[in-house]
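Got chain A; can you put chain B on it based on the hints?
For the protein sequence lines, the chains are A and B, in the order given.
One gets our numbering by counting positions in the first sequence from 1 and adding 9 to each.
One gets our numbering by counting positions in the second sequence from 1 and adding 193 to each.
By construction, these hints were calculated from the structure, which means they are not laboratory data.
Glycine included, C-beta positions come from ideal geometry on N, C-alpha and C.
Just to be clear, a hint being listed does not mean it is correct.
Going by beta-carbon spacing under 7 Å, a handful of chain B positions derived as facing chain A [what the hints assert, rightly or not]:
1) Leu228
2) Pro230
3) Leu233
4) Ser245
5) Ala290
6) Gln305
7) Val307
8) Gly310
Capping the alpha-carbon separation at 20 Å, the derived lysine to any residue pairs in SDA-like fashion look like this [claimed, not checked]:
9) Lys143/A - Arg90/A
10) Lys122/A - Pro227/B
11) Lys232/B - Gly77/A
12) Lys320/B - Gly211/A
13) Lys320/B - Gly147/A
14) Lys234/B - Glu120/A
15) Lys122/A - Leu228/B
16) Lys302/B - Asp79/A
17) Lys302/B - Glu195/A
18) Lys213/A - Tyr71/A
19) Lys302/B - Ala117/A
20) Lys302/B - Tyr71/A
21) Lys302/B - Trp330/B
22) Lys234/B - Glu195/A
23) Lys187/A - Arg90/A
24) Lys232/B - Tyr71/A
25) Lys143/A - Phe184/A
26) Lys320/B - Glu195/A
27) Lys234/B - Asn118/A
28) Lys232/B - Ser114/A
29) Lys232/B - Asp200/A
30) Lys122/A - Tyr231/B
31) Lys302/B - Ser114/A
32) Lys320/B - Thr112/A
33) Lys232/B - Glu116/A
34) Lys134/A - Ser108/A
35) Lys302/B - Ala319/B
36) Lys232/B - Thr125/A
37) Lys213/A - Gly147/A
38) Lys352/B - Ala277/B
39) Lys234/B - Asn206/A
40) Lys234/B - Arg59/A
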Amino acid sequence: MHSAPTSDRSITRMSRPLRSWRLPLIASAAAWLLAGGMMTSSALAAEFTRIDTVASQISFHYTQMGVGMDGHFSGFTADIRFDPARPETARAVLQLELSSIDTGSTEANSEVKAPTWFDTAKHPKAHFEASSIKALGGNRYEATGTLTIKGRSRPVTAPFTFTPQGRTAVVDGSFVLKRGDFSIGEGEWADYAIVGNEIRIGFKLHALQALP
Amino acid sequence: MNTRYTRTAISLHWLVALGLFGAFGLGLYMTDLPLSPYKLKLYSWHKWAGVSLFLLVLFRLGWRLGHPPPPLPMSMPAILRVIAHLTHALLYVLMIAIPLSGWLMSSAKGFQTVWFGLLPLPDLVAKNAELGDQLQWLHMTLNYVLAALVIAHIGAALKHRFIDRDDILSRMLPSARK
Numbered sequence: 010m011h012s013a014p015t016s017d018r019s020i021t022r023m024s025r026p027l028r029s030w031r032l033p034l035i036a037s038a039a040a041w042l043l044a045g046g047m048m049t050s051s052a053l054a055a056e057f058t059r060i061d062t063v064a065s066q067i068s069f070h071y072t073q074m075g076v077g078m079d080g081h082f083s084g085f086t087a088d089i090r091f092d093p094a095r096p097e098t099a100r101a102v103l104q105l106e107l108s109s110i111d112t113g114s115t116e117a118n119s120e121v122k123a124p125t126w127f128d129t130a131k132h133p134k135a136h137f138e139a140s141s142i143k144a145l146g147g148n149r150y151e152a153t154g155t156l157t158i159k160g161r162s163r164p165v166t167a168p169f170t171f172t173p174q175g176r177t178a179v180v181d182g183s184f185v186l187k188r189g190d191f192s193i194g195e196g197e198w199a200d201y202a203i204v205g206n207e208i209r210i211g212f213k214l215h216a217l218q219a220l221p
Numbered sequence: 194m195n196t197r198y199t200r201t202a203i204s205l206h207w208l209v210a211l212g213l214f215g216a217f218g219l220g221l222y223m224t225d226l227p228l229s230p231y232k233l234k235l236y237s238w239h240k241w242a243g244v245s246l247f248l249l250v251l252f253r254l255g256w257r258l259g260h261p262p263p264p265l266p267m268s269m270p271a272i273l274r275v276i277a278h279l280t281h282a283l284l285y286v287l288m289i290a291i292p293l294s295g296w297l298m299s300s301a302k303g304f305q306t307v308w309f310g311l312l313p314l315p316d317l318v319a320k321n322a323e324l325g326d327q328l329q330w331l332h333m334t335l336n337y338v339l340a341a342l343v344i345a346h347i348g349a350a351l352k353h354r355f356i357d358r359d360d361i362l363s364r365m366l367p368s369a370r371k
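This is chain A alone, in the form it adopts within the complex (with noise of 0.2 Å):
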């Protein structure tokens, strides 16, 4: 079922060119069919199932009295299971460790754990959970899904490129969150011209593919 949308599409693409031609749209059919057909069985072995952490980053940068700021965290877990030739059984489920956060200054980094930061001690984790994840065209990708942080969901739109290297694959995108919506920094810290409200988040992981 999940691989029907992908033969129509192809099906549509291929015979715009033939529209007059019954006899070749139907062998062209059956050949994108049968394409198709071997496009899955090869596409089982290229799934990719699991992440290098240690390998992978996940950074942010964001803007301090108007001035950028990187970032990054290093404390995650990730279950994925990704086919960039079938994106649309992808899942993706990521548990980011907030105290592992390297804000750049030991100072920052035992603030942003306080209550009304991360309030670390409550919600000690971000989890992320793909809803899907389509094909942009080329190792383009864009996943959709859930972001929850102290204990507030929001929906994220994440675009990402997807480079499979051997059975390795590096997956780098990055998306935009406002820390209001989240409550990271309440009280004396909501005031955006200090800290930005915008929060661009980075990941570049490396994918694994599943072991034979």
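Frame of chain A, contents of chain B only:
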């Protein structure tokens, strides 16, 4: 021979003096504050002041090249004249080196300097925590040396005024009209 500093040199001297006292005091005060939006603001202001002072001092040096200061009176012992020149030279070196060390420290600590939040200064060194700490030590030490020199500078000016009773101080005062 001119016996007074030009009006521009006098203005620059007092403007820089005011700026140095302000930036120095702010630097001392802000460092030990707990992290807050207020602290981040003060740090930015301190950095903006530092860049402004650096540019003012460069302008001052340029002005000084075109308008040599009046010579020290021959009534002063030669050794004191040498010490006075050395002190002035060192004051200029520090007024250049201190903002530079602050700028480099900011880069090494990963906080780029953006003058008045508008003009980004390039990061001449990459982010490096250890280098950041060394530059912080340097920035602080140079400041304490400057503070000591400024105290000597003020002490010498007062000595000229009240003990030697010469015109060394009055030639740098805006109000003095001889």
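Each hint, compared with the structure:
1. Annotation: interface hint on Leu228/B holds; nearest CB of chain A at approximately 5 Å, less than 7 Å.
2. Restraint check, Pro230/B versus chain A: the minimum CB separation of about 4 Å is within 7 Å; hint holds.
3. Residue-level restraint check for Leu233/B holds (minimum Cβ-Cβ distance to chain A is 6 Å; threshold 7 Å).
4. With a cut of 7 Å, the hint placing Ser245/B at the interface with chain A is violated, because the nearest CB-to-CB distance is about 16 Å.
5. Given hint, Ala290/B at the interface with chain A, is violated; its Cβ is 23 Å from that chain's nearest Cβ, farther than 7 Å.
6. Contact between Gln305/B and chain A, as hinted, is supported at the beta carbon level, the nearest pair being about 5 Å apart and thus within 7 Å.
7. Interface restraint check for Val307/B: the shortest CB-CB distance to chain A comes to about 5 Å, inside 7 Å, so the restraint holds.
8. With a cut of 7 Å, the hint placing Gly310/B at the interface with chain A holds, because the nearest CB-to-CB distance is about 4 Å.
9. Distance restraint check for Lys143/A and Arg90/A: the Cα-Cα separation of roughly 14 Å lies within the 20 Å cut-off, and the hinted pair is therefore satisfied.
10. With a C-alpha separation of about 15 Å, the suggested pair Lys122/A and Pro227/B falls inside the 20 Å cut-off, and the hint holds.
11. Between Lys232/B and Gly77/A the alpha-carbon distance is near 17 Å, which keeps this suggested pair within the 20 Å criterion.
12. For the hint linking Lys320/B to Gly211/A, the alpha-carbon distance of about 19 Å falls within 20 Å, and the restraint holds.
13. A hinted pair counts as satisfied when its Cα atoms are at most 20 Å apart, and Lys320/B with Gly147/A does not qualify at roughly 35 Å.
14. Straight-line distance between C-alpha atoms of Lys234/B and Glu120/A comes to about 16 Å, which keeps the hinted pair within the 20 Å bound.
15. The hinted pair formed by Lys122/A and Leu228/B meets the criterion: a straight-line CA distance of about 13 Å does not exceed 20 Å.
16. Between Lys302/B and Asp79/A the CA atoms are separated by roughly 11 Å; this keeps the pair inside 20 Å, and the hint holds.
17. Under the criterion of a C-alpha separation no larger than 20 Å, the hint pairing Lys302/B with Glu195/A is inconsistent with the structure, at around 25 Å.
18. For the hint pairing Lys213/A with Tyr71/A, the CA-to-CA distance comes to about 17 Å; that is within 20 Å, so the pair holds.
19. Restraint check for Lys302/B and Ala117/A: satisfied, since their Cα atoms lie roughly 12 Å apart, inside the 20 Å limit.
20. A threshold of 20 Å between alpha carbons decides the hint, and for Lys302/B with Tyr71/A the separation of about 16 Å falls inside it, so the pair holds.
21. Between Lys302/B and Trp330/B the CA atoms are separated by roughly 13 Å; this keeps the pair inside 20 Å, and the hint holds.
22. The straight-line distance between the Cα atoms of Lys234/B and Glu195/A is roughly 17 Å, inside the 20 Å bound, and the hint therefore holds.
23. This hinted pair does not check out: Lys187/A and Arg90/A have alpha carbons roughly 28 Å apart, beyond 20 Å.
24. About 18 Å separates the Cα atoms of Lys232/B and Tyr71/A, which keeps this hinted pair within 20 Å; it holds.
25. A distance of roughly 16 Å separates the Cα atoms of Lys143/A and Phe184/A; the hinted pair therefore holds under the 20 Å criterion.
26. With a C-alpha separation of about 29 Å, the suggested pairing of Lys320/B with Glu195/A is violated against the 20 Å cut-off.
27. For the given pair, Lys234/B sits about 18 Å from Asn118/A by alpha-carbon distance, which is consistent with the 20 Å threshold.
28. Restraint check: the Cα-Cα separation between Lys232/B and Ser114/A comes to about 14 Å, which is no more than 20 Å; the hinted pair holds.
29. About 13 Å separates the Cα atoms of Lys232/B and Asp200/A, which keeps this hinted pair within 20 Å; it holds.
30. Of the supplied pair hints, the one linking Lys122/A and Tyr231/B holds, its CA atoms being roughly 19 Å apart against a limit of 20 Å.
31. Distance check on the hinted pair: Lys302/B and Ser114/A sit about 8 Å apart at the alpha-carbon level, within 20 Å; holds.
32. Taking the CA atoms of Lys320/B and Thr112/A, the gap is near 12 Å; set against the 20 Å cutoff, the hint holds.
33. For a cut-off of 20 Å, the pair hint linking Lys232/B to Glu116/A stands: about 12 Å separates their Cα positions.
34. At most 20 Å may separate the alpha-carbon atoms for a hinted pair to count; Lys134/A and Ser108/A meet this at roughly 8 Å.
35. This hinted pair checks out: Lys302/B and Ala319/B have alpha carbons roughly 9 Å apart, not beyond 20 Å.
36. Under the criterion of a C-alpha separation no larger than 20 Å, the hint pairing Lys232/B with Thr125/A is consistent with the structure, at around 17 Å.
37. Between Lys213/A and Gly147/A the CA atoms are separated by roughly 18 Å; this keeps the pair inside 20 Å, and the hint holds.
38. Proposed proximity of Lys352/B and Ala277/B is supported: the alpha carbons are some 13 Å apart, at most 20 Å.
39. Taking the CA atoms of Lys234/B and Asn206/A, the gap is near 17 Å; set against the 20 Å cutoff, the hint holds.
40. Of the pairs offered as hints, the one joining Lys234/B and Arg59/A is violated, with about 44 Å between alpha carbons and a cut-off of 20 Å exceeded.
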